[in-house]
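**Q** Chains as they are written, first to last, in our numbering: chain A, 1 to 172; chain B, 1001 to 1172; chain C, 2001 to 2172; chain D, 3001 to 3172; chain E, 4001 to 4172; chain F, 5001 to 5172.
A few of these clues could be false.
Stated by the list, open to error - Within a straight-line C-alpha distance of at most 20 Å, the following computed SDA-like cross-link-like pairs (lysine to any residue) qualify:
1. K4003/E x K3/A
2. K3/A x K4167/E
3. K3107/D x N3085/D
4. K3003/D x K3107/D
5. K107/A x E4009/E
6. K4167/E x D5162/F
7. K3093/D x E2165/C
8. K1093/B x Q1138/B
9. K5005/F x I5131/F
What the hints assert, rightly or not - Far from chain B, some chain A residues (derived; all Cβ distances over 10 Å):
10. K5
11. I53
12. S58
13. N61
14. T75
15. G103
16. P129
17. E136
18. E137
19. L145
20. A155
21. E165
22. N171
For the record, the hints were derived by calculation from the structure and aren't laboratory data. Glycine included, C-beta positions come from ideal geometry on N, C-alpha and C.
There are 6 protein chains.
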Amino acid sequence: MPKSKHVQESLTTMTEMVLPNDTNTLNNLMGGRLLHWMDICAAIAAQKHSSRIVVTASVDNVSFAEAIHLGDIVTIEAKVTRAFNSSMEVSIKVSAQNISAGGELLKTHAAFFTFVAVDQSGRPIEVAPVIVETAEEQELYQSALRRRQLRLVLAGRLKPADATELKNFLNQ
Amino acid sequence: MPKSKHVQESLTTMTEMVLPNDTNTLNNLMGGRLLHWMDICAAIAAQKHSSRIVVTASVDNVSFAEAIHLGDIVTIEAKVTRAFNSSMEVSIKVSAQNISAGGELLKTHAAFFTFVAVDQSGRPIEVAPVIVETAEEQELYQSALRRRQLRLVLAGRLKPADATELKNFLNQ
Amino acid sequence: MPKSKHVQESLTTMTEMVLPNDTNTLNNLMGGRLLHWMDICAAIAAQKHSSRIVVTASVDNVSFAEAIHLGDIVTIEAKVTRAFNSSMEVSIKVSAQNISAGGELLKTHAAFFTFVAVDQSGRPIEVAPVIVETAEEQELYQSALRRRQLRLVLAGRLKPADATELKNFLNQ
Amino acid sequence: MPKSKHVQESLTTMTEMVLPNDTNTLNNLMGGRLLHWMDICAAIAAQKHSSRIVVTASVDNVSFAEAIHLGDIVTIEAKVTRAFNSSMEVSIKVSAQNISAGGELLKTHAAFFTFVAVDQSGRPIEVAPVIVETAEEQELYQSALRRRQLRLVLAGRLKPADATELKNFLNQ
Amino acid sequence: MPKSKHVQESLTTMTEMVLPNDTNTLNNLMGGRLLHWMDICAAIAAQKHSSRIVVTASVDNVSFAEAIHLGDIVTIEAKVTRAFNSSMEVSIKVSAQNISAGGELLKTHAAFFTFVAVDQSGRPIEVAPVIVETAEEQELYQSALRRRQLRLVLAGRLKPADATELKNFLNQ
Amino acid sequence: MPKSKHVQESLTTMTEMVLPNDTNTLNNLMGGRLLHWMDICAAIAAQKHSSRIVVTASVDNVSFAEAIHLGDIVTIEAKVTRAFNSSMEVSIKVSAQNISAGGELLKTHAAFFTFVAVDQSGRPIEVAPVIVETAEEQELYQSALRRRQLRLVLAGRLKPADATELKNFLNQ
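Isolated chain A, as found in the complex (with noise of 0.2 Å):
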């Protein structure tokens, strides 16, 4: 099995200028053209932790709160929280601000991708654990296994009746 690593290791942060073809009508940045930017800012985390070549297996519900303008600078943050086996859950935390216009910083939203690990011939590898440090480090460790639950019951590859975590977070 790989060396262990750090959740520090894996953190990746990109930052975008919205330009106007990532726009709409509104001059408001399409969410197509964010997941896009999500995903390889995650892709890359997932690599830096496996030191492997990573595949999209999973996004998890993204809620898009507040509306990112054009212009504005997007910084996307990734990093690995966990590791099952092949697969790596990364957490993306997505930020805006206005800089021209001295604007705030706009916290707008998170979000979890999975990536499983492969070889040059694409068959899954397994990946190093995670070593978590931080208090925020340990909780998105944990509840990590209640995400791969609800994305396993959400695929119909788990009994719901089996989703243990998930069912004390729902019922709680």
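Keeping the supplied structure of chain A fixed, place chains B, C, D, E and F upon it in accordance with the hints.
**A** This is chains B, C, D, E and F only, laid out in the frame that chain A set:
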């Protein structure tokens, strides 16, 4: 309230060819690029239903089951399943085929995005109800409520205890 | 010789949203961008008919009647009308609509592209004949010969005197 | 009426390198991408002649004789051949060369696009006549009338019986 | 005069994956593509420092020492080193790594860009001074004057005889 | 040693139209986009001179004097000024014009890039000497040595004391 519309009136088909810049180092389509295409196709379906500018409100859990390759033809079909005040749920089906090698049609996966119709100032505006005709349209219309509850719970805007439809589904 | 195919088997629908980079300083879609989309859509139709790699052989005279605007939804439909040995004629119909302003469907124009099916070394290879069903398909099949003669005359590969179908048409 | 201009004043040269995303699975330049470049180059030539915003009015039959490959350098030359009220015919010559392999210059093909000069509201506006100098410019100027008749006949805006120049050419 | 800011407040990190269209026929990142990324990253750093729209004023000599390959992850870090009235010098560090092959971090090179802060009409506007903290920040702040003299000499806006700092450096 | 070539044999002209995605929020061309175009144009000139694959070795100080606007036509001319073993210096001239508004030709600026010719394995390979004809070509050939010394000093590969040409220039 705007005049009701049939599901078929919002049906939108997009066809894309997977080009080199859409692929990773295994020559497979990157997940983020596919999400970008799905968002555009679904947004057009929501525009057709509402005759309004629309903004992406959320993306449900998407699971990427099969690898799509360089040169494959990707077909994306989107249609509105149900409207809730100013928001619409859009069902998306993606298939891929290696046509020039006489390849089989590969049914890759399904997903749900939601959009909000807005006026020129970006304020939410009511949309027409959906008229269902086929059994499949009826099934998607019914289950839309459960998916909506899951979205609201995940966004922290509905207490799990109040997500009746969702709990029935998970406890079945 | 490959097995005949119905016209409908090659039908391909593409939907595109006109983005800022697709437009000129009047915010109208540039002709070259539309030609690019038409070529991709028609190439996919020719791939579906031939199950082969295809290369663009020629573009017939295209006339741009109506301006298409920023934010409009462009729908392109392509289908193979007739096969001649290794080449196929593809009929393309383009329509545009300003959906979010409740705009009328605007039928913009029709065009014909031809493609040659090739093997992995790029050598022309025979394609299946086309089976026509509707009256419109029959008409397109018949007139394909005249358009082919015009192409050959314009390319200097057929003497005007031998372009019988074309001359009948021009002298009518 | 605007002041006449020499053909050479509108001469425009574009040079492009064929990149991966411009090619099909045989690593050959896709026809639609070349049409896109030709349209931009020809539009700039028409802008230089008219000092106006221009919109593509039509594309004459284009025949793609030779394959252009990944990494090739494509040179496109465009110049206005003749003006008709608010419209201009532009002659386009495309050549390609595999420079880094010491390749021969490959004369690929010629084409004609027409453009209409418009004012800020998009209304057609008269353009300057063309002054021809060389024998080649004279020949292109003369034959422009025949090509114009063919365009009008194909667009259903001129009866074949009235296309005198065109008929003389076809019956020669 | 605007309030002074620490160097760290302008720190901007960009991460990019080298895609096929970014590479030449040896599958190496093209220099111009890297310059494009460096300019965007540095412009964002200058925006963060000045809270203004910024325009690129000059690029210092950049030397490309090591080839960066297709699939490599490129990390670009930019921070403002010193302000001169309305202009800012930005230091840029680029590193590249072939992560999925477990590659070493490759320190590729450093560069300096300068930007001018402008108001909505594009007129230069004064920016805040820079507060340095670390020894490296102090060294960059000091040497900024010498680099500025070289820029002015090369642009013909300063006589070599008056470039005191620069001459001391060259004659040392 | 390869056969000498005239400067004119490497002359390369590129014409680009400034599109929305190339501009900042003031609708001015971003510096990085222009650097990207300059690199491609200069690389093609170096390819024409050497008949080899070339890689960017360095970019000399570039100063951006005048703003170029959305819709402007940018013309870039590049030619090899002198060869040093496997490297070539390329002179680049950029001009911009707002053609559709009848705008004056705006001479924006000049720059120098250097390239190294490489074989299929990426190893440097000797290139042909340059034959100069005009007075301007002669002047560029002579001053190339001074610019080369500045590059080497800035890259830390030549001691300032040994940069004779450069010191003469600065001390004049």
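**Q** Please check whether the beta-carbon of N171/A is more than 10 Å away from every beta-carbon in chain B.
**A** violated (7 Å)
**Q** Is the Cα-Cα distance between K3003/D and K3107/D 20 Å or less?
**A** violated (34 Å)
**Q** With d taken as the least Cβ-Cβ distance between E137/A and chain B, does d exceed 10 Å?
**A** holds (21 Å)
**Q** Between K3/A and K4167/E, is the straight-line Cα distance small enough, at 20 Å or below?
**A** violated (53 Å)
**Q** Can we confirm that no CB of chain B comes within 10 Å of the CB of E136/A?
**A** Non-interface label on E136/A holds, nearest chain B Cβ at 17 Å vs cutoff 10 Å.
**Q** For A155/A, is the shortest beta carbon distance to chain B beyond 10 Å?
**A** Answer for A155/A: violated, closest chain B Cβ roughly 5 Å.
**Q** Next pair to validate is K4003/E with K3/A; report whether the Cα-Cα distance is within 20 Å.
**A** violated (48 Å)
**Q** Was P129/A rightly flagged as not at the interface, with every chain B Cβ beyond 10 Å?
**A** holds (24 Å)
**Q** Take a quick look at T75/A and tell me if its Cβ sits farther than 10 Å from every Cβ on chain B, holds or violated.
**A** holds (17 Å)
**Q** Does the claim that I53/A lies outside the interface with chain B hold up, using a Cβ gap greater than 10 Å?
**A** At roughly 6 Å from the nearest Cβ of chain B, I53/A sits no farther out than 10 Å, so the non-interface label is violated.
**Q** Checking a non-interface call: every C-beta of chain B should be farther than 10 Å from the C-beta of K5/A. Is that right?
**A** holds (21 Å)
**Q** Regarding the pair K3107/D and N3085/D, is the alpha-carbon distance no greater than 20 Å?
**A** Violated. K3107/D to N3085/D sits at ~32 Å, over the 20 Å cutoff.
In this structure, the earlier hints numbered 1, 2, 3, 4, 7, 11, 12, 13, 20, 22 are contradicted, and the remaining ones agree with it.
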